[in-house]
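*Asks:* One letter stands for each residue in the lines below.
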Amino acid sequence: MSHRVIEPARTTPNPAVRPNLHVASGNWAERRVQARQLVDWEDWRERARAIRADAITNLPELLERLEAQLVALGGYVHHAATAEEANARIAAICAQRGATLAVKAKSMTSEETGLNAALEAAGITAVETDLGEYVVQALGDRPSHILAPAVHLSAADVAALFSRLSGRAFDPADTRALVDYARGALRDRFLAAEVGITGVNLAIAETGTLVLVESEGNIRLSTSMPPVHIALMGIEKVIRDWAGAAHLVQMLPLASQGTLAAGSTSFITGPARDGDDGPRELHLVLLDDGRSALRGGPLEEALHCIRCGACLYACPVYRQIGGHGYGSAYSGPIGAVITPALEGGTPASDALPELSSLCGACTEACPVKIPLDDQLVTLRAMARERDPRRAEAALFATWARLWSRSGGYRATGAAGSGALARLWGRAVHGSDDGWVPRAPFPFARWTEDRDVRTPAPEPFHARWKARRDA
Amino acid sequence: MREPEGSATATTAGHAALRTRFGTRLADLGGRLHEVASLAAARQLARELIAGATVARWADWELDEIVAAETPAAEAEVSLIRADVAVAETGAIGFAHGVGRSRGAGVLPARQIALLHAEDLVAGMAAALARFHAAGARPPSNVVFAAGPSRTADIEQRRIVGVHAPRELDVIVFAS
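Those sequence lines, one after another, are chains V and E. Once you know that position 10 of the first sequence is 10 in the working numbering, the rest is easy, because the numbers rise by one and skip nothing. Just so we're on the same page, the working numbering is the position in the second sequence counted from 1, plus 470.
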């Protein structure tokens, strides 16, 4: 049973998605220009890539070191081979402490494992505390972006939700009032929760230090107020040393928001010591779930990902369909790579690498230089090995043979496209600006999610010939 | 950013450039930088900024003589802390929590005032982290770098005041 793929991929988003996504990706593009001015971007990418490559190459050694250090500090380390094991372990830790309320700070890894549902089944309420996640959870929805989980919702959606929760009216334009409401509602939970659950952005093997990066402060609260802190981490997040951490804690916000520092960056080395008011207990749950199997293979570099979200904003497909379109916990180009990579080939996840135009914008945006477009092609090839689709392959082979020769093209292409153009011309009437917003049958599906250009009255070849002969 | 070495004048100029850079970055992030000549002046300015609001403070001696009474962190309006380091390139302040330096007092109140010794301002993150981590030594249990007040862009991508951590930040740099 696949847990990462939640529903089949679909390309028709909720109506608020596109305007919000276009604003978000526009903001990101501007910030990217700023980022390039702050540092020698190519040099920084190469250093970041080298730090992550070192980590994945030496993964077993570094994980051993991390565990030894953390245990020496009085922390607990748990190994989970699967998502189910990770969820069960976390539920057991909560149950042993009699905890019924946990505060959670945004963790994509817990989305991957489906932790919230597992905790709920065990009688533990897990409250998301990142503003976007809080809204998404209260609506019974799912996050649609690694870093901006509520990017698909409008201020009106949030105002309506808070009005319903509080019984008082909220004005969508007054975002400050919305934020103030969330601050008050969540503050009580932070003070009451027995357990804080977070993800991990990096773990430093050298000293057993967990590094958590955020903008809002909810991670600081989740790792300060409750007496128990449970951190869930994919095993690939470990790095060797503090020098590497110094670089990556700047590269991560630089790639995602164009600044060298995130709102808060926490370096947590063991549980609270000597009467410090932090958590007395620290648990690190190390999740494998398909990750170690990728080492040494053609998709190994996908493990270098630092979850910055840059490839999502850079992707023309993501910008059109939104994160929910992927139907999996991880969306965008990196989701289309790691979901099938970790699943090891299910029909649902094998469909994800098709959600790409292979334009390469993701690879160019990636701060650790993952060759995402190459990996998408590799995954498509792997999917075809599992499901050869012989008829489709034969059709394309025939087409390639015909159209790679001018004689073959003239004999078939000219006639075929002429017929299609005549059919299209009869069925479709574009608007004056040269676009067709909605075409009738048999082209209707094509225009459900996109406008198309009105076709040229005459094919290019015909115009070229007329021009040449004139 | 590398400071010229050799003469005391060059070092002073280099430090002034660091302060300017830090102040600009902090302002970009929505925080405020105040520069004063002495610890006494820093305490005086802190008293003026607090102006009768309730305060949760850390036990650092530099923070003495500013407020007469303390309020539990969950109810206090102002968090009064001492930063261990500040990073000119990023605008962030860094501080270790520990005994006498409560995590709650550092994060729960809506406003934060941080005192910083001028010598604790460094150029980059690598130098800042070196303050907390020396090879072979155990780092503090919790170190936080906070860049400006808390922010969020979770509602329609508009960057607004944050949800959880302090939403106003004044950094007072004092020379010795």
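Check before you lean on any hint, since a few could be wrong.
[Stated by the list, open to error] FRET-style restraints, in silico, Cβ to Cβ:
{"no.": "1", "chain 1": "V", "residue 1": "Ala117", "chain 2": "E", "residue 2": "Thr481", "range": "17 to 27 Å"}
{"no.": "2", "chain 1": "E", "residue 1": "Thr494", "chain 2": "V", "residue 2": "Ala393", "range": "35 to 45 Å"}
{"no.": "3", "chain 1": "E", "residue 1": "Ser508", "chain 2": "V", "residue 2": "Ala72", "range": "38 to 48 Å"}
{"no.": "4", "chain 1": "E", "residue 1": "Thr481", "chain 2": "V", "residue 2": "Thr125", "range": "51 to 61 Å"}
[As the list claims (entries may be wrong)] Stretch by stretch, here's where chain E covers chain V in the computed footprint (C-beta under 8 Å, at least three residues):
{"no.": "5", "segment": "262–276"}
{"no.": "6", "segment": "371–382"}
[Claimed, not checked] With the C-beta cut set under 10 Å, the calculated list includes, among others, these residues of chain E facing chain V:
{"no.": "7", "residue": "Ile520"}
{"no.": "8", "residue": "Val537"}
{"no.": "9", "residue": "Thr560"}
{"no.": "10", "residue": "Gly618"}
{"no.": "11", "residue": "Ala645"}
These aren't lab readings, by the way, just hints derived from the structure by calculation. Since the model is a prediction, treat every value here as computed from it, not as a measurement. Glycine included, every Cβ here is placed at the ideal spot set by N, Cα and C.
*Asks:* Next, verify each hint and record whether it holds.
*Replies:* Taking the hints in turn, this is what the structure says about them:
1. V:Ala117 x E:Thr481: 17 to 27 Å: violated (59 Å)
2. E:Thr494 x V:Ala393: 35 to 45 Å: Violated: the Cβ-Cβ distance is about 59 Å, outside 35 to 45 Å.
3. E:Ser508 x V:Ala72: 38 to 48 Å: holds (43 Å)
4. E:Thr481 x V:Thr125: 51 to 61 Å: holds (56 Å)
5. 262–276: holds (count 15)
6. 371–382: violated (count 0)
7. Ile520: Where the cut-off is 10 Å and the nearest Cβ of chain V is about 21 Å from Ile520 (chain E), the hint is violated.
8. Val537: With a closest approach of 20 Å, the Val537 (chain E) hint is violated.
9. Thr560: At about 4 Å, which falls below the 10 Å cut-off, the nearest Cβ of chain V leaves the hint on Thr560 (chain E) intact, so it holds.
10. Gly618: holds (7 Å)
11. Ala645: Interface hint status for Ala645 (chain E): violated (25 Å vs cutoff 10 Å).
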